[in-house]
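J.: Assemble the complex: chain A is given as a structure, and chain B must be docked to it using the hints.
Chain residues, written in single-letter form:
There are 2 protein chains.
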Amino acid sequence: MELHELIQSLKTDGGKIVMVVSDGIGGLPLQPGGPTELEAANTPNLDALAAKGVSGMSTPVLPGVTPGSGPGHLGLFGYDPLVFQIGRGVLEAAGIAFPVGPNDVCIRCNFCTVDENGLITDRRAGRIPTEESSEVVKLLKAVKIPGIEVFVEPVKEHRFVVVFRGEGLGGNVADTDPQRTGAKPLDPVAKDEESKKTAEVAKEFFNQAVQILKGQPKANCLTMRGFAKKPNLPSYEELYGLKAAAIAVYPMYKGLASLAGMELVGAPANLDEEVEVLKENWDKYDFFFLHWKYTDSRGEDGDFEAKRKMVEELDRVLPGITALLGENDCICVTGDHSTPAKMASHSFHPVPTVVYSNLCRTDSCQKYGETEANDKGGLGHFQAIHLMPLLMAHAGRLGKFGA
Amino acid sequence: MELHELIQSLKTDGGKIVMVVSDGIGGLPLQPGGPTELEAANTPNLDALAAKGVSGMSTPVLPGVTPGSGPGHLGLFGYDPLVFQIGRGVLEAAGIAFPVGPNDVCIRCNFCTVDENGLITDRRAGRIPTEESSEVVKLLKAVKIPGIEVFVEPVKEHRFVVVFRGEGLGGNVADTDPQRTGAKPLDPVAKDEESKKTAEVAKEFFNQAVQILKGQPKANCLTMRGFAKKPNLPSYEELYGLKAAAIAVYPMYKGLASLAGMELVGAPANLDEEVEVLKENWDKYDFFFLHWKYTDSRGEDGDFEAKRKMVEELDRVLPGITALLGENDCICVTGDHSTPAKMASHSFHPVPTVVYSNLCRTDSCQKYGETEANDKGGLGHFQAIHLMPLLMAHAGRLGKFGA
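So the protein lines, in turn, are chains A and B. Using this note's numbering, read the first sequence as starting at 21 and increasing by one per residue. Using this note's numbering, read the second sequence as starting at 21 and increasing by one per residue.
The hints are simulated quantities; they were obtained by calculation from the structure and are not laboratory data. On a predicted model such as this, the values are computed, not experimentally measured, just so you know. A few of these clues could be false.
Note that the list lumps identical chains together, so a pair holds whenever it fits in one copy or between two copies.
Claimed, not checked - Subject to a maximum C-alpha distance of 20 Å in a straight line, what follows is the list of computed EDC-like cross-link-like pairs (lysine to aspartate or glutamate):
| id | residue 1 | residue 2 |
| --- | --- | --- |
| 1 | K420 | D100 |
| 2 | K362 | E347 |
| 3 | K72 | E283 |
| 4 | K234 | E152 |
| 5 | K238 | E177 |
| 6 | K72 | E59 |
This is chain A alone, in the form it adopts within the complex:
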């Protein structure tokens, strides 16, 4: 029996679950023997949670493997990132929180410029400013293809997303970007039988788009890359029986949550507003994914002190979250990967994770941090895909397997 089949067969009613994801929270000491960002931070509330909860180290994908945001979150949501891969087009669509459906093919598009012979002169249309490219994108909404719903959405500068929605569209079409100037955009070519219709639709889109763009001074052509359908994820409702809400500021994480069938609630602009949204929606959902971005951002900046402060920000709002918990509810604080300021990038290091509910077997951890969770964590080292079953269990939501 496979993991998802097992969970589905055991799921039952129980308490609420709050999964707080502090992006890239794991870190490294700047000096051997020194504290990590998390250990350097003053975190009385996270420490109190660790003291009464149970900690462990989460391996996002596999030992040594550094995940991007997509695989990192998929793992936390309980989908094996090696099985459920998110194509580039879908990730781009997720990144603007476009609600990708099962019949959608998503494509990352670039505006480019071509000369009178149709040869590319600039593959990125001079990185045309977003406010201008958004206007050009609007023009492309005029493209009509019979039997296909077409979405065209701006992303940033020369980048935009096209989504074809319809029956019988495969996601396996080659990129049309020739990867050099002085060449025409390539024809979209299907790489399998199921994607022939998609290639035809893409060709038709391209032809109409070129007519529309004719005479545009800054962006008179386009290339299409990363054709992809969404991975066939069972939704949180199907898999866990959880009515799930996602609370995030950044579109990417909303997009990833919506792939798992979570509902996007509120429109918070900062962490305090995220907690407000959580309060407002507390009675309406069983599961909450709350995403805190800036531990990752400051880690990526290579700024140890700033990352430490972002940890303290999370600590500051924690009481507002834990105050909501009822007797049978479960809370978890974790990250999708580590982003040590020392490396100024995502890394492969395991992520300290703390879980609390009245069913947890409290371990001897007194603080939330890498060393403490590693040395004394009652959850040991575990793969991120096993976190959701652990949270379900801690919320009394997993029945007995076998008699």
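T.: Relative to the frame of chain A, chain B by itself:
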């Protein structure tokens, strides 16, 4: 996506990696509560490495499974020993460092004696001394089979290796040893379609060999066992992008390394010479496998004190190895399995392992030993096949998975 596919898709350039394998290094206390061989040893250099590095416990195959040298090393090299199995003939060939190629069928042969009717009188030819059997082996090099390259190499006493090299040779042929005296050697019988040609070649080899051996006083016949082709291992170069060198004294470990496509460098006769060979070749390779045999040998002898001394020998030469490490390089000290003197045999116990690079998340281990690595090791317990990805990551050689 499968592990090797993942690693191959993420591999990138980075620092050098040194994997020091102290064979059978894991041990057991002689008395409950006492130290293991490793813990009893005085190892200031290994302890210093553990203090600044990150430790963990490596499970060679699966919990409870005691590996032989073949599966033990395959696991460390990152090949799942349950997937990539080394047939007996190949292991025998590896044991004399014969460079087994993809078109080779390897066979463990025994000299035997037969009476005038061809019935076996001694299945091991009286354990004929190696110096004598080596001379008889030389005679067999006269066997010629059209279209097939034939290698005949001595091993020890009555044992020798035959290798057939050629196109279309399957490795699935039944043993010809009837397992009793008073019977003739069996005909080699193919167990599948692809191995029919091999069976014919083996029959021809046998016939010519018997003619050559006629009249030999001590060994006038042979049996053939363990027909096998090498497992289809992707090489270190293909899999990890590593130009890999193996430094070992014993032929078996050279043979195992050469199955993984490592180059055998130098001809060291002891540990000091192995370190010399490492120095001499430092600039020429990305990866070094350095094998230290005697921790296993003395464990097999059941000699706790002698094994402890062999650990101290390794500790003595360690500074000569670590002195070579550049800023981005990575070193690991581990074993292919445990060989507790208490058991005088290989065992299933996890193997203490330490990794150091400037990317390691230093844990609270202060010494290199079983208890310390188990209680505080930042790598936790891991399967040996995940060690190579971990070392790649620590040497900055694995890119990000997904965006």
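J.: When the structure is checked against the list of hints, which entries are broken? Sort them ascending.
T.: When the structure is compared with the hints, only number 3 turns out to be violated.
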